[in-house]
Amino acid sequence: MSPRLLILTPLGLLLWGAFDPSWVAAAGLGEHTLAWPSSEELLRVLTLRDYNTRVVIVGTTLLGLAAGLVGTFLLLRKRALLSDTLSHASLPGIALAFILLTALGAEGKNLLALIGGAAFFCILGTGAVIVIQRYSRLKDDAALGIVLSVFFGLGIALMGIATRMGSGNAAGLSSFIYGKTASMLFADAVLIAVVALLAAICAVLFFKEFALLCFDADYAASQGWPVTGLDFLMMTLVVVVTVIGLQAVGLILVVALLIIPPAAARFWTYSLKHMLWISGLFGALSGLFGAGISALMANLPAGAVIVLTASLLFGVSLVFGSTRGLARRGVERLRLSRRIRHENLLREIYEMMEVCGLSPEDAELDCALPQVTMDMLLSRRSWSHGQLRRALARGMAAGLLASDGRNWELTAAGLEEARRIVRKHRLWETYLIEHADVAPGHVDWGADEIEHVLDADLVAALEKRLPAEVLQQMPASPHHIEPVQGEAA
Amino acid sequence: MMEWTSFDTWIVVTGMLSAMACALLGNYLVLRRMSMMGDAISHAVLPGLAIAFIVTGSRGSLPMLVGAILIGIVTAFLVQGIFRLSGLDRGASMGVIFTTLFALGLILIRQAADHVDLDPSCVLYGAIELTPLDTYLVGGFEIPQAAVTNGAMLLFNLLFVVAFYKELKITSFDPALATTLGINADLLHYVLMTLVAATTIAAFESVGSILVIAMLIVPGAAAHLLTDRLGVMLGLSLVFAALAALLGHVGAITVPTWFGFRDTSTAGMMAVMTGVLFLLVFLFAPRYGVLSRVIQQARLALKIVGDDILGLLYRFQEMAATGTAPMHAGDFREALKQNWPVRMALWRLSRRRWVRRVENGFILTDEGLRQGRGIIRSHRLWESFLCGKMGYCETDVHTPAHHLEHFTDEKMQSRLEDAADRPGQDPHQRAIPPAS
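Each protein sequence line maps, in turn, to chains A and B. Note that numbering that gives the first Met the number 0 has the first sequence beginning at 0, numbered continuously upward. Note that numbering that gives the first Met the number 0 has the second sequence beginning at 0, numbered continuously upward.
Hints were generated in silico from the structure; no laboratory data involved. Accuracy of the hints is not assured; some may be wrong.
Unchecked claim - Derived lysine-lysine pairs resembling BS3-like cross-links, with alpha carbons at most 25 Å apart:
1. A:Lys138 <-> B:Lys336
2. A:Lys138 <-> A:Lys77
3. A:Lys138 <-> B:Lys168
4. A:Lys108 <-> A:Lys179
5. A:Lys77 <-> A:Lys272
6. A:Lys207 <-> A:Lys272
To be verified - Far from chain B, by Cβ distances over 12 Å, these chain A residues were calculated:
7. Asn51
8. Thr84
9. Ala112
10. Ala118
11. Phe119
12. Ile122
13. Arg136
14. Ile160
15. Phe206
16. Val239
17. His273
18. Ser316
19. Ser321
20. Glu353
21. Ser381
22. Arg419
Here a beta-carbon is modelled for each residue, glycine too, at the ideal position from N, C-alpha and C.
Between the sequences and the hints, there should be enough to build the whole structure, so can you do that?
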């Protein structure tokens with residue numbers, strides 16, 4: 000089965016299943032299905048008339064933007080899963096801050112203190128990952144997994160204590176795990192806006208440095224850049240975005256915002272600068288639509304919808320991305336194989352006509368040129384009947400081939416084109432024999448693969464390296480060419 | 000005060016069984032550098048569970064298992080497919096897939112919550128404290144359902160590992176070799192992933208989906224630091240897993256009491272205990288531990304400083320020509336530009352009776368003289384060899400000889416002497432002492 004189909008079918012089904020309420024209804028949840036919003040509600044959300052909705056949507060959009068920007072560098076630094084470890088490692092910080100505050104008699108759910116605790120444990124976790132990697136034989140994946148699970152376990156244990164404390168109200172703490180987007184406050188949105196601004200400023204200011212760090216850290220170090228400092232700055236940005244995102248979308252889903260938008264943006268461009276902004280845009284769109292959909296339909300947790308929106312963007316990008324998308328690459332592959340068949344066809348016909356002399360033009364008068372039929376062409380190469388027929392039709396349409404319905408021949412333009420192709424093939428064969436010591440009997444296959452990608456410059460360079468006599472006219476084939484099978488006219 | 004009841008025993012037994020079932024497979028995740036795949040699968044099974052709940056409307060084990068296995072396979076395929084098709088690195092491919100599936104799972108659970116008694120927090124970090132309430136009657140004994148499930152999973156995993164020991168070993172260490180031997184590495188990969196998913200589900204009720212990864216990865220990683228043999232590693236990881244489960248529960252009911260709290264989550268403490276065990280191994284493992292490496296290096300450094308002191312004393316006595324000239328401790332510190340290492344090395348040399356403290360400094364004993372002669376002999380032989388045979392004469396010949404002298408034994412000395420054509424003197428015209 001085609002791997003593409005394998006991927007897309009379940010992904011599509013899953014997304015479809017998530018968004019189509021009828022599927023849930025069919026599963027026996029009739030009365031609990033998602034209620035489609037009335038047009039009135041739709042209008043209210045779209046025009047941001049609700050104060051609460053307005054705060055939430057602006058907040059998640061900005062969070063998506065910030066995560067998209069920072070995540071781009073993280074992805075290119077091949078550290079996508081570090082964000083996963085970081086976000087899990089923050090839990091003990093949150094719980095510990097709450098316990099300490101409550102034990103000291105203060106209000107436990109002081110947002111800044113909780114965020115501070117989370118950030119502290121994020122940094123501790125990063126340090127632990129680095130120490131395990133450097134001072135043991137374990138690789139990065141094990142280091143990430145160990146820190147993630149042990150820190151998260153500590154977090155759960157501390158949360159257990161926090162919820163059993165007599166004083167203080169720990170009920171809201173679990174919102175850091177799943178997120179509590181819908182109850183985002185104005186202050187939260189302001190905090191997110193500040194962080195988003197910070198992320199954008201850093202991305203612009205340190206663009207060159209970060210780019211160098213992502214693509215060749217060793218080179219950056221050898222050029223005297225403060226690699227460790229830059230790395231630290233980059234990780235600090237990641238920590239800040241993670242911590243801010245924790246209570247907005249939850250610690251597992253903030254990872255998605257850091258990974259998915261940049262991964263999706265990669266399919267649209269080769270330029271880092273463009274990728275950065277596309278990723279930011281995707282993140283913002285996910286936040287906008289995710290929060291919007293969640294506000295429109297009851298019973299849909301916003302964090303999860305935001306992530307699924309991002310995943311949908313990823314799926315679309317994977318298929319339709321303008322530079323690396325599957326569709327684009329598929330079309331390119333199809334075009335290439337068509338061109339290769341076209342060139343092979345012209346060469347085959349030319350070589351069949353060659354039996355009477357150096358080229359079909361100056362064939363000896365008493366030599367009968369063979370009639371080229373489909374069957375003869377089919378026997379000479381491993382192409383299917385359909386492929387050959389389509390290649391012939393395209394040659395006709397391009398005016399390179401002529402046919403009386405049964406036999407095929409090159410037109411004047413076709414002959415010119417065929418000569419160019421055969422010449423490339425034989426120049427390369429000669430080159431392989433002269434300079435790479437390839438046996439003449441084996442040279443055909445090697446040349447077969449390369450001739451289609453030889454451009455004019457390379458042909459000129461080849462001509463410089465080859466003896467003058469082969470350049471005068473069409474070089475003779477260095478190996479035996481199977482004579483035409485079938486009747487001569 | 001700790002009160003231990005049969006309840007606690009069953010919690011520990013259940014925890015041990017699930018931890019061991021996880022740890023066994025986790026070894027292979029660590030060795031294949033796919034630890035995070037365990038994390039990805041443990042997050043991604045959420046929609047599988049939710050769908051199983053929604054479809055059957057119950058919390059039966061079988062539908063859960065089927066749903067989890069299906070989603071485990073889907074996850075493994077999706078990650079592999081995205082990785083191959085998209086050009087993203089493996090980590091990012093996992094990140095895209097498991098967060099998507101997790102989000103989907105959250106939505107589905109929310110949809111199902113009204114119908115089925117299903118709490119995401121219960122799925123995420125389990126409720127091992129409640130497992131003894133739900134029992135089967137097996138041969139007259141009331142055994143918790145979770146213990147039976149996890150025990151069966153452990154047995155199954157053991158059978159799998161024993162039956163495919165060789166195949167798993169080869170594909171883990173050298174997939175290319177495995178392919179040439181006709182072992183289908185891809186198939187084994189997917190089977191392993193499926194088993195990981197199934198084990199994750201079986202462990203759900205005891206430790207929850209996220210803490211499963213602690214049981215999957217940490218015991219194996221700790222065992223990996225202790226041994227180079229796969230069989231031993233598997234055994235050690237099982238011991239660590241069982242120990243972590245026991246200590247985890249004990250810790251959960253004792254540690255919080257030190258701070259005036261009643262108790263806390265056993266699952267959380269089990270993960271913490273795997274971390275504590277890992278930390279101990281990380282520091283104290285005989286070969287790969289941080290501390291043992293520090294000690295080895297310190298020992299080597301002390302030996303080198305000691306050699307240098309012996310060399311200095313030998314040279315000094317050679318120049319003084321009287322045989323017993325003392326040298327001050329301060330002279331060594333100045334010459335070697337080190338303080339504490341010199342003090343410690345002097346202490347070590349005195350204890351071995353290679354140097355002797357006299358009124359105004361240190362002198363070599365007879366044995367010390369022999370040792371010092373050996374070092375100087377090595378040094379000067381190397382200098383002669385480097386100068387005469389390797390064309391080092393124009394450059395600094397002292398420094399490389401100084402490095403090499405510490406690692407040259409008597410056998411090598413005589414070979415060097417032959418190779419340097421038996422020179423009587425080094426390039427600085429100082430006599431090379433004879434072998435003693």
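12 Å cut-off, C-beta based - threonine 84 of chain A kept clear of every residue in chain B:
9 Å, violated
Is the Cβ of serine 316 of chain A more than 12 Å away from each Cβ in chain B?
Serine 316 of chain A not clear of chain B: closest Cβ-Cβ about 9 Å, inside 12 Å.
Hint consistency between lysine 77 of chain A and lysine 272 of chain A [alpha-carbon to alpha-carbon, up to 25 Å]
Judged against 25 Å, a Cα distance of about 18 Å means the pair holds.
A cut-off of 12 Å on Cβ-Cβ distance, and alanine 118 of chain A was said to be off the interface with chain B. Does that hold?
Answer for alanine 118 of chain A: holds, closest chain B Cβ roughly 21 Å.
Alanine 112 of chain A non-interfacial with respect to chain B [C-beta, more than 12 Å]:
For alanine 112 of chain A, whose nearest Cβ neighbour in chain B is about 19 Å away, the distance exceeds 12 Å, so it holds.
Closest CB-CB distance from histidine 273 of chain A to chain B, is it above 12 Å?
17 Å, holds
Does isoleucine 122 of chain A sit more than 12 Å from chain B, CB to CB?
About 17 Å separates isoleucine 122 of chain A from the closest Cβ of chain B, which puts it past 12 Å; holds.
Taking the closest pair, is the beta carbon of arginine 419 of chain A still more than 12 Å from chain B?
Given that every Cβ of chain B is farther than 12 Å from that of arginine 419 of chain A, nearest at about 34 Å, it holds.
For serine 381 of chain A, which was marked as not at the interface, is the minimum beta-carbon distance to chain B over 12 Å?
26 Å, holds
Does the alpha-carbon distance linking lysine 138 of chain A and lysine 77 of chain A stay inside the 25 Å limit?
14 Å, holds
Is the Cβ of valine 239 of chain A more than 12 Å away from each Cβ in chain B?
19 Å, holds
Agreement of lysine 108 of chain A and lysine 179 of chain A with the hint, judged by alpha carbon distance not exceeding 25 Å
14 Å, holds
Comparing the model with each earlier hint shows violations of hints 1, 8, 13, 14 and 18; every other hint is respected.
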